Every structure is written in C-alpha cells, then in structure tokens.
Amino acid sequence: MPDTIPRRTDRFETIETALGHSLHYDPDRETYHCWYDSTDGEPISTTVVVAVATLLETTVADLEALYSCIDADALNTLCAHWMADTRITEGTIEFTYAGCRVMITAAGAIVIEPVEMTGQMG
Numbered sequence: 030m031p032d033t034i035p036r037r038t039d040r041f042e043t044i045e046t047a048l049g050h051s052l053h054y055d056p057d058r059e060t061y062h063c064w065y066d067s068t069d070g071e072p073i074s075t076t077v078v079v080a081v082a083t084l085l086e087t088t089v090a091d092l093e094a095l096y097s098c099i100d101a102d103a104l105n106t107l108c109a110h111w112m113a114d115t116r117i118t119e120g121t122i123e124f125t126y127a128g129c130r131v132m133i134t135a136a137g138a139i140v141i142e143p144v145e146m147t148g149q150m151g
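Each residue of the sequence shown is one higher than the one before, counting from 30 in the numbering used here.
Think of the hints as simulated: they come from the structure by calculation, not from any bench.
Beta-carbon label-pair distances, calculated as ranges:
1. D100 <-> R40: 30 to 38 angstroms
2. E86 <-> R116: 35 to 43 angstroms
3. E59 <-> R116: 32 to 40 angstroms
4. G70 <-> A103: 14 to 22 angstroms
5. T118 <-> T68: 16 to 24 angstroms
6. A103 <-> R40: 27 to 35 angstroms
7. T43 <-> T88: 14 to 22 angstroms
8. T88 <-> T125: 16 to 24 angstroms
9. E59 <-> D102: 27 to 35 angstroms
Being a predicted model, the structure only gives us computed values, none of them experimental. Using N, Cα and C, we set each Cβ at its ideal position, and we do this for glycine too.
Starting from the given sequences, assemble the full structure and let the hints guide the process.
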C-alpha cells in the first residue's frame with residue numbers, strides 16, 4: 030500500500046535521527062510519532078528500534094533486543110500484510126519496549142510514549 034496516510038505534523042517538533050529517519054514529538058500528548066514506509070525496504074521492527082533509540086538518546090546496539098518483548102518476525106509479517114491490503118484500515122499492536130509504550134496502527138503510524146521517564150510504568 031502506498032504511503033498515503035494524511036499526517037498533520039505541524040503541531041509536532043521534528044527530531045532528525047542519525048540514520049536519516051524523522052521522529053516527531055507531540056508536546057500536548059508527550060508522545061513521539063513516526064510512520065512506517067513499506068516502500069523503503071526496511072522492516073517495521075527496524076523503524077521501531079531506531080525510533081526508540083533516538084528518543085532515548087542511545088544507540089541501537091545499546092538497547093535490549095526487540096525479541097525480548099515481542100516476536101519481531103511476526104510483527105514484520107503482520108505489518109507487511111496490513112500495508113499490502115488496502116482494505117485493512119483498523120487494527121493496533123501495543124507492547125512495551127525499553128521503557129517505552131509502543132503502539133503501531135494498521136495505517137503505519139507508530140506512537141511511542143516513554144512511560145518509565147514519566148513514572149507511568151506499572
């Protein structure tokens with residue numbers, strides 16, 4: 030599915046990553062946002078890990094393995110299916126990774142909330 034999701038990012042502060050990805054901060058919700066682009070050849074698991082590393086101001090190598098909290102192959106397969114089928118417009122996956130709550134939507138939006146930093150980790 031082409032990347033046709035409308036994105037209203039004018040209220041966000043943009044953070045450029047060392048790897049050329051953009052991460053957007055929503056100060057009203059205290060969340061970070063990026064979008065998966067299935068046409069760039071990178072699996073969504075990589076997008077998530079790079080975004081979380083950027084948010085935490087660390088390197089990808091210093092993060093725990095994504096496999097420690099979710100099956101990354103299954104995540105990649107499901108999200109690739111979502112992106113390939115234009116009839117799928119709803120659905121979310123949520124998990125906690127490296128002290129952050131991560132939500133991925135069927136539309137390719139990735140929302141990250143640093144729960145340990147805000148004291149909301151339970």
